[in-house]
Amino acid sequence: MSAGVIFGGPSPEHDVSILTGLQAGRALSGDATAVYWDKLGSFWEVDTASEAADFLDGAPKGSRPLRLVAGGAGGGFVTAKAGVLGKDKPLSVDAFVNCCHGGPGEDGTLQGSLDLAAVAYTGPTVAGAALGMDKLAFGAAVVAAGLPSLPRALLSAEGGPPLFDGPYIVKPRFGGSSIGIEVAGDWSTAQALLRTSVHYRSGGVVVEPYRPSSFDLEVGLRTYPSLQTSAIARPLRSSGSAEILGYRDKYLGGDGMVSAPRQLPAQISPAMEKAVFEASRVVAALAGLRGVARLDFLVDGDDLYVNEINTIPGSLAKYLWDMPFATLLADMLAEATAVPAFHYDSTGADGLALRSAADIASKLG
Amino acid sequence: MTVAYAVLLAAATGAAALCGLRWLRVAQREHYLAGSATRFARRWWLGTGPNRLMWLAAALGFLLSVVGLPEAGVVAAAALAVGPFGLGLRGRTSKLDWTKRLRRLAITAGAVSLIPTAVAWAVGGLGWGATLMVAAALLSPLVVDASLALTTPVERRLGQPFVVAADARLRAVHPDVVAVTGSYGKTTTKGYIAHLVGGTKTVVPSPASFNNRAGLARAVNEHLVPGTEVFVAEMGTYGPGEIADLCAWIRPRIGVITAIGPVHLERMRTEERITAAKAEILEGVEVAVLNVDDPHLAALADKSGKRVVRCSGRVGGADVCVQDGVVWSGSERLGLLADSESVAPTNLACAVAVALEVGVPAEAIAARLPTLSVPRHRLSVGTGSTGVTIIDDTYNANPAGGTAALSALRAHAQDGGRRVVVTPGMVELGPRQQELNREFAAAAALAATDLVIVGNTNRAALFEGAAGGPAALVTVETRDEAVSWVRDQLGTGDVVLYENDLPDHYP
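Chains Y and P, in that order, are what the protein sequence lines are.
Going by this note's numbering, the first sequence opens with residue 1, and the numbers climb by one from there.
Going by this note's numbering, the second sequence opens with residue 1001, and the numbers climb by one from there.
If we strip away everything but chain Y, and leave its shape as in the complex, we get:
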């Protein structure tokens, strides 16, 4: 099987996605194909031996431009023809490991494009990605499934305060779990942030109660060859005074999330541990998981709350699993081809409506 990785993407997490993608590219045995998606939206075939710094000014020198061609069979990535006599050459890749965090790589946009181009990929489907990226919808789905979750409400300049009191955690409705997160003491302070923060410019903003005494737990989930949960980790805040776990804590240690500080396994009671695993299995079914996901919880005293899901987590959450990264990737790739992300169904479109129809002009009358 010839494997590929796809990473980058026009998203705030573009840089971290490159780190994940390069790690995955190295871990895949043999000659994996690396596809880089730049900040402007163009695709490039790059050398898997590239280093992170090679991407400081976009695609590294010598990268070959790619086009993504939709249209079922015959679709996929092609290297653009060079010169007058050149020919489009399809990239022969059986399945891609999707390493694009945040933005269009994790919200269903890329997934939909790859579906239309008949390209197999790891990670969430269009629907799973879209649900996972929408904190408001995901929270509602969790509550509907009877799991504990902190209440979430849409923050708007006109709207009145929600049913719960401040202080609030304010975060973008869509986007990664660590960018643009603020604490606001009350509703009007939160509303003021709408005008001043670059992270709240589009897509909406949500608030939830801020619990200073709470801490985070995270667990890895994967669905192939069978549903499995990883050990539970407790991420730690490196900067003592920080109110919340930020982008800096998670990613700026050097290797992305691999080197972020954490307690693994987390020192929690057996009852809490059991609750985490049970909730994880419910969420896995709820969100139609595929590939490797990371589910984040909040713990406040004895209470456990499902917080957010990360359907393409940093470093693909490899640090949570007691197995080689190569094995994790191989299983994901096997799932990508064995359980296609999309399934088009034209049952019932049997031509009856076409045969019985009169001419179109008569229908317009």
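It is worth saying that the hints were derived from the structure and are not from the lab.
To list a few chain P residues with every Cβ distance to chain Y over 10 Å, as calculated: (1) Ala1017; (2) Trp1098; (3) Ala1118; (4) Ala1248; (5) Arg1251; (6) Ala1443.
Straight-line alpha carbon distances no greater than 30 Å define the calculated DSSO-like cross-link-like pairs of lysine-lysine that follow: (7) P:Lys1100 <-> Y:Lys39; (8) Y:Lys39 <-> P:Lys1201; (9) Y:Lys61 <-> Y:Lys89; (10) Y:Lys39 <-> Y:Lys87; (11) P:Lys1100 <-> Y:Lys87; (12) P:Lys1100 <-> Y:Lys89.
For each residue, glycine too, the CB sits at the ideal point set by N, CA and C.
Chain Y is fixed; fit chain P onto it per the hints.
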């Protein structure tokens, strides 16, 4: 005789190739402007005694070869191959970069030299061919300038697809476009705008030195990511019409002019012409943001016919003012700077005006003021390995900045310590170059205990200006020599100001 002419042809061809490389490098550094090679050739060949002698020898050798002395021609070729002294082939600070454009120019220059030689050889024999090749080497700067004139329209055509792509991307991304120009302070102002707007809106500033047609097209094509709300384009100008041409496809809504000064006078001749060229940025805009402390811009503000936001470094009258570290929007106190000393007040006032115009709330601007950073090389202060305080103003190239830097030198001086100014002087000041460098040297000689004059470009004018003052005068050939002098002579308690630095295609 034939052998002698064959040797001459070979020597002259080699010399022409070496000369060509030197003046191609100068042309590249001077933005491929036709005329620049000849201008710099005069500077180099006529600058010092040895170079003047060398050039005379070369010219004489050429004349003798014309009247039948090929050996003299070989001497001329040898002189042209090595001279002028000081102008390297590859360059240290400004290396020759074999871009596609330079290759096209080199091929053209080669053809301009070789075709007359070949014709002369075919018509008049080897002797004529060889002699004409010596002429090509001797007149190499003219050959390069002629090639520049020939290729400029072609290069424009070749760059057009990139401009078309940039135009399309600007329409698709549709950011609010701010254009910034001025004789100085453009880059600083652009940086301030990006910083003040960046917390609230997604902003892309054009990268440093991408300020012409090709550079801005590239900046848009490579950096204007989808979702960009504000694009800040820095625009430079070397002649009338250039900024109007940029604005035709960049279409700024807000135009900023930071200052008018005697920079590029060499090409623009008068400050009135500079003002007119910069004012092209206002033609299609909705809002003009002008530094009205500059008399040229104050006059422009009164007659521009646009909505003008007047910016000033003094409180009183203007719409946005920055004085003593306090930022005012009208009569309202908008915010406070953490470090007012290193911030350029009029540039910041312009940046604040732009931030307000693109819709950043005043409180968000105030929140970003304390973290305003100083661009590297623009009057930054550090400590050297010997303990000497170093004021780095090497990127400044204008008299107003020079005066500000001398105040900084006084401010950092310590009792009993030496105050040193290291400078090659300022260039591109046209007819006023001598006068302005004399004035700067006179002021420096009062502020400093020692004045270190680097290189030959402005040596005479600086010497003259400083002659009456109390400062001791030191002359060195290169920047490196100046740095070693500072290491040897200065230590803790002393302060040195590096004022301007010239790339090594200047004598």
